[in-house]
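**Q** Each chain, letter by letter, is given below.
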Amino acid sequence: MALLEIRGLVKRFLGVTAVDAVDLTVERGELVSLIGPNGSGKTTLFNCVTGYLASDAGHVAFDGRTVTRAAPHRVARLGISRTFQQVSVFGRLTALENLLVFLQQHQEEDFFARLVRTRRVRRLEADAIARARTLLDLVGLGARADAPAGSLSYGQRKLLAFAAALMPDPELLLLDEPAAAVNPTMINQMKDHILGLHRQGKTVLLVEHNMDVVMDVSQRIVVLDHGQKIAEGTPDAIRRDPRVIEAYFGR
Amino acid sequence: MAPGQQRYVVHVLIFTALFAALALSYDLVVGHVGSLSLAHPAFFGVGAYTAAILSTRAAWPFAADLAAAVVAAGLVAALAGVPLFRLVEHAFAVGTLGFALVAWIVATNWVEVTRGPLCITGIPKPVVGVPGGPALAIATLPAYYWLALAALGVVLVLYRLLTTFRLGRAFHAVRDNEVLAASAGIDPLRYRMLAFTIGGALAGGIGALYVHYLSVMCPEEMTVALTVNLLVIVFLGGVGTMRGVLVGAVLFTALPEVLRLAPTWRLVIYGALLLVIVVRSPEGLEGLVRRRASAR
Ligand SMILES: Nc1ncnc2c1ncn2[C@@H]1O[C@H](COP(=O)(O)OP(=O)(O)O)[C@@H](O)[C@H]1O
Ligand SMILES: [Mg+2]
Chain P
-5 MALLEIRGLV
5 KRFLGVTAVD
15 AVDLTVERGE
25 LVSLIGPNGS
35 GKTTLFNCVT
45 GYLASDAGHV
55 AFDGRTVTRA
65 APHRVARLGI
75 SRTFQQVSVF
85 GRLTALENLL
95 VFLQQHQEED
105 FFARLVRTRR
115 VRRLEADAIA
125 RARTLLDLVG
135 LGARADAPAG
145 SLSYGQRKLL
155 AFAAALMPDP
165 ELLLLDEPAA
175 AVNPTMINQM
185 KDHILGLHRQ
195 GKTVLLVEHN
205 MDVVMDVSQR
215 IVVLDHGQKI
225 AEGTPDAIRR
235 DPRVIEAYFG
245 R
Chain W
17 MAPGQQRYVV
27 HVLIFTALFA
37 ALALSYDLVV
47 GHVGSLSLAH
57 PAFFGVGAYT
67 AAILSTRAAW
77 PFAADLAAAV
87 VAAGLVAALA
97 GVPLFRLVEH
107 AFAVGTLGFA
117 LVAWIVATNW
127 VEVTRGPLCI
137 TGIPKPVVGV
147 PGGPALAIAT
157 LPAYYWLALA
167 ALGVVLVLYR
177 LLTTFRLGRA
187 FHAVRDNEVL
197 AASAGIDPLR
207 YRMLAFTIGG
217 ALAGGIGALY
227 VHYLSVMCPE
237 EMTVALTVNL
247 LVIVFLGGVG
257 TMRGVLVGAV
267 LFTALPEVLR
277 LAPTWRLVIY
287 GALLLVIVVR
297 SPEGLEGLVR
307 RRASAR
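Protein chains in written order, with my numbering: chain P, -5 to 245; chain W, 17 to 312.
Wrong hints could be hidden among the right ones.
Computed beta-carbon distance windows for the label pairs [claimed, not checked]:
id	chain 1	residue 1	chain 2	residue 2	range
1	P	GLN79	W	GLY169	46 to 54 Å
2	W	ILE285	P	SER145	32 to 40 Å
3	W	THR180	P	ARG68	23 to 31 Å
By construction, these hints were calculated from the structure, which means they are not laboratory data.
Where a beta carbon is used, it is the ideal one built from N, C-alpha and C, also for glycine.
Work out the full structure: start from the sequences and follow the hints.
**A** Okay, structure coming up:
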């Protein structure tokens, strides 16, 4: 069974069909890229899958469970993490706290145990902090752990948002243009991070405009144009596909 | 100090403690989940009237009418929150303002229950104590001062517990970025409702203490003037910070009393101060202090 299975997904906005009957499956452990010109519906598809937008038709299943009508926080708790195209952090929380937020809802609530701070609760929190520090080190933000996220540079916030998405150790990661609008060094870093995730066996669905990144990391590429899936295949096949060339360069 | 002056000082201290507690309960909503509610006087009023009515007409003991005030105000907040939180940002502020106005109109006109502008009078002084044990009547000013201080202490502890650790982080995540919070598995509505309900319940409890102190409850106690007071305390002191709200409460409850400002002048000055702060230092005095400290 595919980890993510999207069937006939449709999303219309006034006058525009942003996502037009798209089928897309991602197998467990796969690294799939979703590409297409600006406005082709990639972000909208992410928003439908993660519950931020209600789709007009179609079906989305994650690990065999229907998530078509689920609210965003429920989708997240099932094990789907996503990043946002517009870089997005909790500005007044520190970098470390930003990551802690992403783990805590995945742990049981147990209000009274938390209130009296049982040994188990204290251990959970210590583990969370250790994990957060490891991830901050991974993205090179270890020294900024206690800085308010709002005070970080654009690139740093982007890395922080990426690390935050990893915090709950999600089964599926949806990354919306992680390498956009950052400097070349960071693009390479980001590429390495994504490949690292893949090597760890994580399932990744990547939206990215940087073709070097997409061609280097993807096992399979899905191409959207005007909300429709126009091609699907290996990087080599996609590179040579006339419909893709047309969509990207033909106007 | 002459005895009259001394009594006056204690009276001001009692007011300051109660307003500090009320402002902290308000800050749970405005400062920590970032919902600009203007409905707080309604919950304060529900608690105040619940205590006033139960203690005068049903002769409930103090502890029971206080508990009932907390529950009633929390319940009203929870019920009002369901439709109100369908609104966002400005619409939410306007909706809560409307709710507060409706509550005030009900208090003024539902004469059978609230006696309207005639006010509920003769609210007894509180008697505290354990069942079967000795009972202590809070009949003197200093005794009431200790009671108000104890209430402030309870609110301070709750405020701390609710705004730190896991729960506080969830509140702040919702406040800073609701969309991102949802992607972290947080249900923004749930946490907003939680802060709104607890804030309302605490406001109800403080309303009860307030009417037991004054021994009278009138509709004027729950007008927009109270909202303005709370906004000034919280936003001038430092929204979302315990120290800021406490400083705000002292400055804007005790000081005007001590300076014996006429109520109209007070509103004019508060309005001007609000403008200045919002323009010059959106984080209030607390923000100014912090910036000074970090500039050094
Ligand atoms: N919230 C919205 N309201 C109206 N139209 C939208 C909205 N979001 C996206 N669109 C439209 O849907 C289409 C797809 O947009 P989007 O999914 O952002 O594309 P991409 O991410 O591929 O650049 C565009 O025509 C865009 O203008
Ligand atoms: Mg996009």
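**Q** It remains to establish, for every hint, whether it holds in the given structure.
**A** Verification of the supplied hints:
no.: 1; hint: GLN79/P <-> GLY169/W: 46 to 54 Å; result: holds (48 Å)
no.: 2; hint: ILE285/W <-> SER145/P: 32 to 40 Å; result: holds (35 Å)
no.: 3; hint: THR180/W <-> ARG68/P: 23 to 31 Å; result: holds (26 Å)
The structure agrees with every numbered hint stated previously.
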